[in-house]
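Following the hints, position chains V and A against chain Y.
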Amino acid sequence: MIYKVFLTIWMAVVIIAAFLYAEAAVGFPGETSRILFFHVPQAWIATLSFLISMIASAIYLAKRRVKADYVARSAAELGFLFCVLATVTGSIFARATWGSFWNWDPRQTSIVMLLMIYGAYFALRSAVPDPERKRVFAGVYSILAFATVPFLVFVVPRITASLHPEDTMNPARPGLDPKTLMVFLGSLLAYTGLFVWMLRLRIRILTVEGLKEPKFMNRKPDAGQ
Amino acid sequence: MFAVTTLIAVSFSIGSFRIEEAERPFLYSVLLWIILTFSALSGLARSFIKEEEAGTIDVLKLSARPQAVFLGKLLFNLTLLGALELVIVPLFILLMAYQINFPGLFVAMVISGGLGLGAGTTIIAAMIARASARGALFSALSFPLLLPIMIISIKGCERAAVGISTAGWPEVRIAVAYFVIMITMSLLLFPLVWEE
Amino acid sequence: MFTLNVSGIGKHYRETLLFRDISFQLNRGDVLAIAGWNGSGKSTLLRVIAGLVRPSAGRVEMFAGSESIPKESRRRFIGMVAPAISLYDELTGLENMEFFCRVRGFACSRNDCLDIVDRMGLTEHAKKMCGDYSSGMKQRLKLAQALLHRPSLLLLDEPGCNLDSKGIKVVEEIISRQRELGVTVIASNEKREVGYADRIINLSE
Numbered sequence: 001m002i003y004k005v006f007l008t009i010w011m012a013v014v015i016i017a018a019f020l021y022a023e024a025a026v027g028f029p030g031e032t033s034r035i036l037f038f039h040v041p042q043a044w045i046a047t048l049s050f051l052i053s054m055i056a057s058a059i060y061l062a063k064r065r066v067k068a069d070y071v072a073r074s075a076a077e078l079g080f081l082f083c084v085l086a087t088v089t090g091s092i093f094a095r096a097t098w099g100s101f102w103n104w105d106p107r108q109t110s111i112v113m114l115l116m117i118y119g120a121y122f123a124l125r126s127a128v129p130d131p132e133r134k135r136v137f138a139g140v141y142s143i144l145a146f147a148t149v150p151f152l153v154f155v156v157p158r159i160t161a162s163l164h165p166e167d168t169m170n171p172a173r174p175g176l177d178p179k180t181l182m183v184f185l186g187s188l189l190a191y192t193g194l195f196v197w198m199l200r201l202r203i204r205i206l207t208v209e210g211l212k213e214p215k216f217m218n219r220k221p222d223a224g225q
Numbered sequence: 001m002f003a004v005t006t007l008i009a010v011s012f013s014i015g016s017f018r019i020e021e022a023e024r025p026f027l028y029s030v031l032l033w034i035i036l037t038f039s040a041l042s043g044l045a046r047s048f049i050k051e052e053e054a055g056t057i058d059v060l061k062l063s064a065r066p067q068a069v070f071l072g073k074l075l076f077n078l079t080l081l082g083a084l085e086l087v088i089v090p091l092f093i094l095l096m097a098y099q100i101n102f103p104g105l106f107v108a109m110v111i112s113g114g115l116g117l118g119a120g121t122t123i124i125a126a127m128i129a130r131a132s133a134r135g136a137l138f139s140a141l142s143f144p145l146l147l148p149i150m151i152i153s154i155k156g157c158e159r160a161a162v163g164i165s166t167a168g169w170p171e172v173r174i175a176v177a178y179f180v181i182m183i184t185m186s187l188l189l190f191p192l193v194w195e196e
Numbered sequence: 001m002f003t004l005n006v007s008g009i010g011k012h013y014r015e016t017l018l019f020r021d022i023s024f025q026l027n028r029g030d031v032l033a034i035a036g037w038n039g040s041g042k043s044t045l046l047r048v049i050a051g052l053v054r055p056s057a058g059r060v061e062m063f064a065g066s067e068s069i070p071k072e073s074r075r076r077f078i079g080m081v082a083p084a085i086s087l088y089d090e091l092t093g094l095e096n097m098e099f100f101c102r103v104r105g106f107a108c109s110r111n112d113c114l115d116i117v118d119r120m121g122l123t124e125h126a127k128k129m130c131g132d133y134s135s136g137m138k139q140r141l142k143l144a145q146a147l148l149h150r151p152s153l154l155l156l157d158e159p160g161c162n163l164d165s166k167g168i169k170v171v172e173e174i175i176s177r178q179r180e181l182g183v184t185v186i187a188s189n190e191k192r193e194v195g196y197a198d199r200i201i202n203l204s205e
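Chains as they are written, first to last, in this note's numbering: chain Y, 1 to 225; chain V, 1 to 196; chain A, 1 to 205.
The shape of chain Y in the complex, shown without the other chains:
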């Protein structure tokens, strides 16, 4: 309870500070740099979520504890949400700064990739009826998807650097300006807190729903099976 209240207040403070306290960064048209207070944490959470989901999946594959799959799924759902948010805020920024919503620059490409991976993940989950198989496959897929990420990090800059004149979108971390830094970090903290809260909630929901299923067996299959 306290956590929720605290989080709400903190988030509100951050939002207000983002617009009133921090100064708009130099070099960006108008007030556009303010969106970075929101966009960057969202993208960060989206990626972090993916990592969490993958690790939870790996744990599931190793130990077959259903709770691990709940974590994996919740992290994937939230990650997807934040990914969509990041894409939208990112393209708003793109529009305001460069005049068009979409440019296929490295960061935009990677966020779309992440979106696609999330989409594929959920498609896979819903296409496999057997719950055990579903969890195993989802786990396998997220590990495979994770393996391709390093390639994108190396590959995408190569191709876009020589193709498109305008690139290296991501402005250097917001400011050496202490006020901006403060608000930014505050926002990061707020978003992380939000994420953690939502994640735990979602895991709890899934666990409760899982309790609904009839419990037949007292003994789980032993490790050797």
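Bear in mind the hints are in silico, worked out from the structure with no lab data behind them.
Being a predicted model, the structure only gives us computed values, none of them experimental.
There's no promise every hint is true.
Derived CB-CB ranges, DEER-like [said to hold, decoys possible]:
#1 V:VAL87 x A:ALA64: 50 to 56 Å
#2 A:TRP37 x V:ALA177: 52 to 58 Å
#3 A:SER68 x Y:ALA62: 17 to 23 Å
If you want a taste of the chain V side facing chain Y, the calculated C-beta under 7 Å gives, among others [said to hold, decoys possible]:
#4 ALA129
#5 ALA140
#6 LEU141
#7 PRO144
#8 PRO148
#9 MET150
#10 TYR178
#11 VAL180
#12 LEU192
#13 VAL193
All C-beta atoms in this analysis are idealised placements derived from N, C-alpha and C, irrespective of residue type, glycine included.
Just chains V and A now, kept in the frame of chain Y:
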């Protein structure tokens, strides 16, 4: 079949004249790899699906080691891809009058890209063999995984066509690295998918 | 001395419980029958033993003498026949046999394959494509495939399915031979087939 049809459609609509010289190496590379990738996506799941449908999958599970099954299917897919490339690539070059200045790099890129395509998709094929809406699911799942190899192959072929060659052929090396990593991960994960 | 040890096996598929707390131990020479109505889970239990399906609870252990056989190595010891299992239609009977020999990592010559084909009474059809076989012939070939590597554990799911009286004699002979080699488990709801066994587990109870 898909590949040839697409090729003809592309060649017919774009012709050799409508795209400017400067843009050609890149755009043609893109088109080529789109054709190759989507042809792969339409055909590579078949070997697993067939086993599933014919009922032979159980006896295979009972008699062979999972790694052996995976490598066998992989080999089959790679051969299929190889044949596809053998037919499509020369045809493409001919029909589109694709000028390639560094054939060595081009061929290496086509080969390593093809290897990558096969490696990324085989384990996915095993997963979707029993699912609903298999074709669409296979494409949806494979596409994000294939994106890196597609991008790097497009780049590599474009470079080969234009005539710039960086020492050590970085694109080919990345493609091979992709191939190796995908195969390793698939070999490790395949038993989980294969056994129930 | 081969031993099969099954303890506390249960399986549920989503909301339906198929069976639970199945335990038994079988040694060389034992024949067990799993009986029950259609849909009671006989085939599933057999598949759990074979390692094709993960049980929801319990475990399956196999021993060669006193040494436990790990899951990955069990395929050498198991031979299985079931209606759901098919062989390759595009290959001939003999080619199917050779394929399964090689894939199992089993050194076997053409003669070994021919021998087993003979035993099954399929000599004249050995060179024909499986797709052209009658259902009885296919069943015999499936039996042949299961026996190729002289398995210690023979799992038969409705072995007499599609067979004429001659074929059934062959099955009986196989079962009696298997008593010397190892363990047999039969899943069936046919009285005669259940009658081959020393012990019976009825899943409908």
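For the hint 50 to 56 Å, verify it against the beta carbon of VAL87 of chain V and that of ALA64 of chain A. 51 Å, holds
Under 7 Å is the threshold here; is the Cβ of VAL180 of chain V close enough to any Cβ of chain Y for the hint to stand? 11 Å, violated
Quick check on the hint: MET150 of chain V CB to chain Y CB, less than 7 Å? 10 Å, violated
Measuring from the C-beta of LEU141 of chain V to each C-beta in chain Y, is the shortest one below 7 Å? OK, holds: LEU141 of chain V within 7 Å of chain Y, min 5 Å.
Assuming the hint says 52 to 58 Å, is it satisfied by the Cβ distance from TRP37 of chain A to ALA177 of chain V or not? Hint holds: Cβ distance 56 Å, inside 52 to 58 Å.
Quick one, is the PRO148 of chain V hint okay against chain Y at 7 Å, beta carbons? The hint holds - PRO148 of chain V has a Cβ within 7 Å of chain Y, the shortest such distance being about 4 Å.
Regarding the hint that ALA140 of chain V lies at the interface with chain Y, is the smallest CB-CB distance below 7 Å? Nearest chain Y Cβ about 5 Å off; hint holds.
Please verify that hint: PRO144 of chain V, Cβ, nearest Cβ of chain Y, below 7 Å or not. Since chain Y brings a Cβ to about 4 Å from PRO144 of chain V, closer than 7 Å, the hint holds.
Please verify that hint: ALA129 of chain V, Cβ, nearest Cβ of chain Y, below 7 Å or not. 11 Å, violated
With a cut-off of 7 Å, does the beta carbon of VAL193 of chain V approach a beta carbon of chain Y closely enough for the hint to hold? 6 Å, holds
Tell me if the interface restraint on TYR178 of chain V is satisfied: Cβ within less than 7 Å of some Cβ in chain Y. 6 Å, holds
Taking the Cβ atom of SER68 of chain A and the Cβ atom of ALA62 of chain Y, is their distance within the range 17 to 23 Å? Holds: the Cβ-Cβ distance is about 21 Å, inside 17 to 23 Å.
Hint compliance for this structure: hints 4, 9 and 11 are broken, all remaining hints hold.
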